[in-house]
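There are 2 protein chains.
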Amino acid sequence: MIKVFHHPFSTSCRFVRLICGEYGVPVEFVVEKPWERRRDFLLMNPAGTLPVLVENDGPPICGATVIMEYLDETRGYTMGDRRLMPGHAETRAEVRRLVDWFLGKFDGEVVGYLVHEKIFKLEIPRGQGGGEPDSAVLRAARANIRHHLKYIGWLTATRDWLAGQRLSFADLAAAAALSCVDYLGEVPWDDDETTKAWYGLVKSRPSFRPILADRILAIPPAATYVDLDF
Amino acid sequence: MIKVFHHPFSTSCRFVRLICGEYGVPVEFVVEKPWERRRDFLLMNPAGTLPVLVENDGPPICGATVIMEYLDETRGYTMGDRRLMPGHAETRAEVRRLVDWFLGKFDGEVVGYLVHEKIFKLEIPRGQGGGEPDSAVLRAARANIRHHLKYIGWLTATRDWLAGQRLSFADLAAAAALSCVDYLGEVPWDDDETTKAWYGLVKSRPSFRPILADRILAIPPAATYVDLDF
Numbered sequence: 001m002i003k004v005f006h007h008p009f010s011t012s013c014r015f016v017r018l019i020c021g022e023y024g025v026p027v028e029f030v031v032e033k034p035w036e037r038r039r040d041f042l043l044m045n046p047a048g049t050l051p052v053l054v055e056n057d058g059p060p061i062c063g064a065t066v067i068m069e070y071l072d073e074t075r076g077y078t079m080g081d082r083r084l085m086p087g088h089a090e091t092r093a094e095v096r097r098l099v100d101w102f103l104g105k106f107d108g109e110v111v112g113y114l115v116h117e118k119i120f121k122l123e124i125p126r127g128q129g130g131g132e133p134d135s136a137v138l139r140a141a142r143a144n145i146r147h148h149l150k151y152i153g154w155l156t157a158t159r160d161w162l163a164g165q166r167l168s169f170a171d172l173a174a175a176a177a178l179s180c181v182d183y184l185g186e187v188p189w190d191d192d193e194t195t196k197a198w199y200g201l202v203k204s205r206p207s208f209r210p211i212l213a214d215r216i217l218a219i220p221p222a223a224t225y226v227d228l229d230f
Numbered sequence: 001m002i003k004v005f006h007h008p009f010s011t012s013c014r015f016v017r018l019i020c021g022e023y024g025v026p027v028e029f030v031v032e033k034p035w036e037r038r039r040d041f042l043l044m045n046p047a048g049t050l051p052v053l054v055e056n057d058g059p060p061i062c063g064a065t066v067i068m069e070y071l072d073e074t075r076g077y078t079m080g081d082r083r084l085m086p087g088h089a090e091t092r093a094e095v096r097r098l099v100d101w102f103l104g105k106f107d108g109e110v111v112g113y114l115v116h117e118k119i120f121k122l123e124i125p126r127g128q129g130g131g132e133p134d135s136a137v138l139r140a141a142r143a144n145i146r147h148h149l150k151y152i153g154w155l156t157a158t159r160d161w162l163a164g165q166r167l168s169f170a171d172l173a174a175a176a177a178l179s180c181v182d183y184l185g186e187v188p189w190d191d192d193e194t195t196k197a198w199y200g201l202v203k204s205r206p207s208f209r210p211i212l213a214d215r216i217l218a219i220p221p222a223a224t225y226v227d228l229d230f
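One line per chain: the protein sequences are A and B, in this order. Letter 201 of the first sequence, counting from 1, is numbered 201 in the UniProt record's numbering, and no numbers are missing. Letter 192 of the second sequence, counting from 1, is numbered 192 in the UniProt record's numbering, and no numbers are missing.
Looking at chain A on its own, in the form it has when it is part of the complex:
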């Protein structure tokens, strides 16, 4: 049995949830709030970050790209055409570069800001940095997302999928990031039609359904979040 410690509005965690869905891995998901720095969680992952995967009595597998490689190494070979990591070293490098881009750069410049300001700050006590969103931070994130959408647009216009001819981990990483922002109604979809069409394809996959069912009580999702013809 696999257990994954995650938070519903984390790009890296959504990425791992999508991989588990695509690879048909049954998982027990446990919500963790990393800002609480729970002792037993820090013993599993001293970095204090999500996601963390534990398989049976095995050691904790920490971090989204580490989990991606682990699931691909232990399950990918059974997936045939639906394997999310290509076979050739150069194409694998391109998949990994894009996964790093979306989990690192895009998350750091866009998703992390918006989710922290609009969602996490509702839950974090005021004395520890919670409270109203900082409008300067929101403005920066809204400026940054346009550059990223252009880049995704360029990729989807020149390739079938983000990293090449087949759906790969890169598409799941990008869609995981966008989905967090989309919940908050912060994706200017009309900027780029090819990006929108590509996202529609990923969003329609069965692996995406649990993510479209995520809800926060205080913030209902944007009107287009669940709509497959947004």
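What the hints contain is simulated information worked out from the structure, not anything from laboratory work.
Just so you know, same-sequence chains aren't split out, so a pair can sit in one copy or run between any two.
Calculated lysine-lysine pairs in the DSSO-like style (CA-CA distance at most 27 angstroms, straight line):
1) Lys3 with Lys203
2) Lys33 with Lys150
3) Lys33 with Lys105
4) Lys105 with Lys121
5) Lys33 with Lys203
6) Lys196 with Lys105
7) Lys150 with Lys196
8) Lys203 with Lys105
9) Lys3 with Lys33
10) Lys150 with Lys203
11) Lys150 with Lys105
On the provided structure of chain A, position chain B as indicated by the hints.
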């Protein structure tokens, strides 16, 4: 022929130089100053980050962990016992977790601050953020390094090498990070004897020699930098 774009005082770049040394890969190294945002460099890696590797007419391989996997996939199988990535999925996950720790967390909390304040700011024009080091930043980095040394000490006290019984990418990542800080005389070696002994072993390897020869004109290395019995 392999070309690697790098900067001598970057953890991620030193990590890749060490891998190339260990795997016996002949490389032409090209120094790149990423803060100049050179157009041809951005065309290779739109993220604008180092290191970038190009093999013959192949596509750019961008980022330290992407290069690590690429070199291991294309060369590692010839290395036998000296392969830097273990065979078992769980141990591979531990190597990757620690590589992420040292290139990400340790670099972000310690090395990046010290190198930026003490080295890069000498080269960056004053109007673009160059100038004297910020003493508050130096103080933070000096506090942070003690926690990291303790963690390395715990790892080296409980295992032969950082990730297990054999030298792996994890040791090279940690040593790459420490070497940048050691040049600046900022490693409190006396805090932890097992860490010091482990670093002495890695530092004595032939792959480390080019790194010990790195010099910045304005800043001579600390007295212990080259000394193998520091």
